[in-house]
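Chains as they are written, first to last, in the numbering used here: chain A, 759 to 977; chain B, 277 to 516.
These are calculated hints, taken from the structure and not from any lab test.
Here the structure is a predicted model, which is why all the values come from computation and not from measurement.
Where a beta carbon is used, it is the ideal one built from N, C-alpha and C, also for glycine.
Don't take each hint at face value.
[As the list claims (entries may be wrong)] The calculated lysine to aspartate or glutamate pairs, modelled on EDC-like cross-linking and capped at a C-alpha distance of 20 Å, are: (1) K902(A) - D429(B); (2) K916(A) - E822(A); (3) K932(A) - E955(A); (4) K449(B) - E856(A); (5) K863(A) - D914(A); (6) K916(A) - D440(B); (7) K448(B) - E822(A); (8) K837(A) - E425(B); (9) K806(A) - D440(B); (10) K863(A) - D440(B); (11) K806(A) - E425(B); (12) K847(A) - E369(B); (13) K847(A) - E425(B).
[Said to hold, decoys possible] Among the chain A residues that face chain B by a calculated CB cut under 7 Å, a handful are: (14) G836; (15) K847; (16) F850; (17) Y864.
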Amino acid sequence: MSFYKTDSLTFSYNHRNNLFENLSLLIEENEHIGLIGPNGCGKTTLAKLMLGILSPTGGKIFLEGTDIRNLSLSNIGGKVGYVFQNPDKQLFCPTVWEQMTFSYKYGSQSFQENIEDKINYYLELFDLAKNKNASPMALSRGEKQRLALASVLSRDVKFLILDEPTTGLDLLRKKQLEKCLVTLRDEGKGYMIISHEGDFLDKHIDRLLTLSPKGVEVS
Amino acid sequence: MISLDPRTRIFIVLIISSAAIIFKDLKALMLLLLLTLLLCKLLSISLSGTVRKLRKLWYFFILLTLIQSFFTHGGDTLLALGGLRILTTAGLEAGISIILRMSIIVYSAMIIASSSSMDIVYGLTAMKLPQEIGFMVLLAIKFLPLIREEFFDSITAVQLSGIDLKKIPLGKKLSLYTYILTPSVIKALNRARYISLSMECRGFRTYPARTFYRRLKMKAADYFTILAALASIIAIFSLN
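Here chain A stands alone, though its shape is the one from the complex (with noise of 0.2 Å):
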């Protein structure tokens, strides 16, 4: 059983132009994906199609075998972790450290000590430690993609989808977030990196996968 499995997926925001049409796909827990195409073809769209943040025109999406549409969002999200284009979207807490400790404050998952460590950890990894008390809206725009990435990458999920994940990085940043990805693909987890950036694609994934309105192509 696959992790993901797309069936004749179609989606339109407008039920008259088809973004993509019978899309199938299989991904396993495992695989490392990089998604490319050009603007507005729908990664990100197919991204939150497999979310369940949007629901499919046609077709269905399996979650590890469950029809994506039986799962809520919060069941998807203990499994796959989303960092979105915008990191905007996913801050919304007072401070730094309470939106890397903010799904196990209201989570099922108790806070305990090693968890602590762990989210120190991804703050010294991303060089927010110092910003551990600010305000993630004074953060500029590769701080706060940073700390999205940190506090999505300190939940124990299976699978992650990284939406531009190298926006607003720079050189050094970057490194550490390949470094991360490296520390991933050892400790057995997927991921899927849509980017626009070939280089850095290359040196992550084991498929291609290109998006066209025509479909998608593997490589």
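Place chain B on chain A using the hints.
Structure of chain B alone, referenced to chain A:
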């Protein structure tokens, strides 16, 4: 479909919504609602689409109607439980008048909402309102859906971080909503600040007087609609 000047739309909405508040008689309110619906039809506003779009608001109106019905006493008893009068004719009348008033206000607001936001600014400025106020109205109109969008984006992000909103206790849920509401408002205010900066960079308020690319001109259809709406409201008022 008729095309009306934004000033005509604003004027019609003002007189209809004022009449909805002044009129007390049920028959008068029903006739006023009919007049509003007729105007909406003439302006090609989808009546069923409005109900669908504002579904949650209608639930609130229905709840308000029920509360008004049950808590207003007077007249004959229609429903009683033991010695307790649950629904009376006065209560029923009060409930119906509430739902009629709300429907009139919502549908008359659609007369303005169906025109473009820029048209409203043109209309308000042509009515001698300072252009700054006109643009403030425009931004307010644009920002209400934006705040809503920001809020729902944050709710989605919260759920995707593995939190099941249905399972957390009420106290925690309330504190979670306050967490989300504050940044949603801050983000919307920041966006408003960037828009005002970009407007000023493009010369907004550089000169005391402003010229407009489009000039509004009242046509015969505008005068006729205003007169017809005024005459109908006076007729409804005098009938009662």
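> So which of the earlier hints does this model not fit?
Replying inline: 7, 8 and 12
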